[in-house]
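Participant: Given the sequences, and given the hints that come with them, work out the whole structure.
If you read the sequences in order, they're chains A and B.
So the first sequence is numbered by the working numbering: it starts at 4 and just counts up by one.
So the second sequence is numbered by the working numbering: it starts at 12 and just counts up by one.
Treat the hints loosely; a few may be bogus.
Okay, derived cross-link-like pairs now, DSBU-like style, lysine-lysine, Cα gap no bigger than 35 Å in a straight line [unchecked claim]:
no., chain 1, residue 1, chain 2, residue 2
1, B, K48, B, K74
2, B, K127, A, K91
3, B, K48, A, K91
4, A, K9, A, K76
5, B, K127, A, K119
6, B, K74, A, K76
7, B, K48, A, K119
8, B, K48, A, K211
9, A, K123, B, K127
10, A, K363, A, K450
11, B, K48, A, K108
12, B, K48, A, K123
No lab work stands behind these hints: they were computed from the structure.
Nothing here was measured: the structure is a model prediction, and the numbers come from that model.
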Amino acid sequence: MSTRDKVTINKLPTGVPGLDDIVGGGLPEFSFNIIAGAPGSGKTTLAHQFVFANASPERPALYFTVLGESAIKMLRYQQQYTFFEPSKVPDSVRFINLSQVVLEKDLGAVLAEIIKEVEKSNPAVVVVDSFRTMVRKSQGSPGELDLQAFIQQLALFLASWQATTFLIGEYAEDELRDNPIFTVADGLFWLRQTAERNSIVRKLQIVKLRGQASVPGLHTFRITDGGLQAFSRTFGLSGHKRKESGTRRLSIGIPVLDKMMGGGIPEGDSVLVTGASGTGKSVLATQFIAEGIRQGEPGIVAVFEERPQAYTDRASNLGMDLETPQKDGNLLILYLRPLDLSVDETMNEILEAVKKIGAKRLVIDSLAGFEMALSPGFREDFRESLYRMIFALTGIGVTILSTVEVDESFTEFPFSTYSISFLTDDIIRLRYVSIEGQLRKILVIIKMRGGSHSQDIREYEITSDGLVIAGERLKGYERLISGIPARVKPSGEKG
Amino acid sequence: MLPLETRDLARQILASEASAGDSSHAAESAALRVYEKLRRRLCALAGVTGFRSLACRALTLAKAEAPGLEQVQVLADGSLQGFREAEPPGGKHPDGSGEAILITQLLGLLIVFLGKSMTLRLVQDAWPEADIENCSSGDGTRA
Chain A
4 MSTRDKVTIN KLPTGVPGLD DIVGGGLPEF SFNIIAGAPG SGKTTLAHQF VFANASPERP
64 ALYFTVLGES AIKMLRYQQQ YTFFEPSKVP DSVRFINLSQ VVLEKDLGAV LAEIIKEVEK
124 SNPAVVVVDS FRTMVRKSQG SPGELDLQAF IQQLALFLAS WQATTFLIGE YAEDELRDNP
184 IFTVADGLFW LRQTAERNSI VRKLQIVKLR GQASVPGLHT FRITDGGLQA FSRTFGLSGH
244 KRKESGTRRL SIGIPVLDKM MGGGIPEGDS VLVTGASGTG KSVLATQFIA EGIRQGEPGI
304 VAVFEERPQA YTDRASNLGM DLETPQKDGN LLILYLRPLD LSVDETMNEI LEAVKKIGAK
364 RLVIDSLAGF EMALSPGFRE DFRESLYRMI FALTGIGVTI LSTVEVDESF TEFPFSTYSI
424 SFLTDDIIRL RYVSIEGQLR KILVIIKMRG GSHSQDIREY EITSDGLVIA GERLKGYERL
484 ISGIPARVKP SGEKG
Chain B
12 MLPLETRDLA RQILASEASA GDSSHAAESA ALRVYEKLRR RLCALAGVTG FRSLACRALT
72 LAKAEAPGLE QVQVLADGSL QGFREAEPPG GKHPDGSGEA ILITQLLGLL IVFLGKSMTL
132 RLVQDAWPEA DIENCSSGDG TRA
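Facilitator: Set out below in structure tokens:
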């Protein structure tokens, strides 16, 4: 028996954008699954999306409703979603109410009713909603078919009839132990929603999935007009091979700075440009993007603190035309300001944009604005999320330049208020310095993971041509990075 | 007052059912057979309790238009009592018999809750021969 003789498990589309990637390519055919979660967490909607994605007149979906939500009202609400196609009811999607059997009879009768309908329709998909209410009703009724036996028989029967099954239930997490249903199930989807300050944070977890590897952890999801949309923690890039880091250098559009960096930014690096307000971080970032466009490398700018038009206008004042590349499809300026975003949603938007225009360069302006756009619950995970995001994007060869504002201190020289320096390959530090009665600006390359870089501290100006580094390195001063330098006295001179 | 399209839909179904009726159904009116078909399908969809609630509401609305339905009752299983005796087919009401009005009200409720598209799908599934595509649209024109 060779590996070629192994059974192939077909993967069915979940109908939920982003979820196929999380479950490892699709839901295993003929699997017996549980969707668990609190009321309002999206269980029924998820099941409906799966049903409408897989049902056909030849292999319909049977949707058994039990006690709880009225079937009529459920249909009334569910058809508001764009995935719900009324034309599929009842040929492809059939709703069957079991409440009478559940109320008047026992689990044996319920099983018989399900078997009767399944044998009649030969369904590809079977949903029981809510399975939990059915089980609750059965408890405390002696002499009935044992719950474990019922679940066992139901699972066996539905798998034998080649149906992929979802049982929906309102379960609490402490019920995971000692519950026969979770033992029998091939897949367990747990939906959570929590209120954090004024925001609702929704997350889903594949607690268990037999037969294939799913992406572990909690994945955020959103419920929109189109139903659930899931955002994988690995941003849909889990199966992608990391792009080999090459030797190519990307010009920033500031020749002196390129030279200081050993020829530019190594392709696929993550660069942090850090400095106080007004030091020119955004200007430098804009030059990086504009230079990329000049060299035929499409770019994306994710802005959080100003509108795309304002960003474009500001670039225009610095002699950079961002209007034309936007029209030509070489530049996308994403305005990601709505509150309650998760990093994963933001990433999804950025990744879609990267795919859309084949972007090679990305500017995130700024990380502080990015953090403010997140729901409070997601801010706690900001560093970890940022790490995943940068790792995923640089892994596909995108070079990222992020800006971050730091408080200007004349006693310290911080690189970032976020302690995220470890996430970046290269750091460019901009700062104010007081020299001869003027507040001037200096820059220095703090680190370059890819190799050597200039140690020089260079003075620069923001001009109508952008950030311009003038002259030679600043000589004749000490403690420049303190912001309050002192002239170095010529040797022999006494102080 | 229900829109013309709902009344038109009810008429189409009743006509389809009447033409399909054979001698074994002679004792029952077409309206009763329509009601029974809807009952079976809607009980499967919404449960007996769910269907019965809708039927009671439809009957109450129909009674306001057709006082001849006063004696009609919805039983626990959703079936009707006193239906045939209520009014002879083709009563004096401009929209037809009280039975037809009850069917119209029931369809009207389905349209309110499920929408026109899904209601028509359900009806077409039960009466494939009915010409429901040509029912009036909401403004009285043909669809």
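Participant: Which numbered conditions among the earlier hints are violated in the structure presented, ordered from lowest to highest?
Facilitator: 4 and 8
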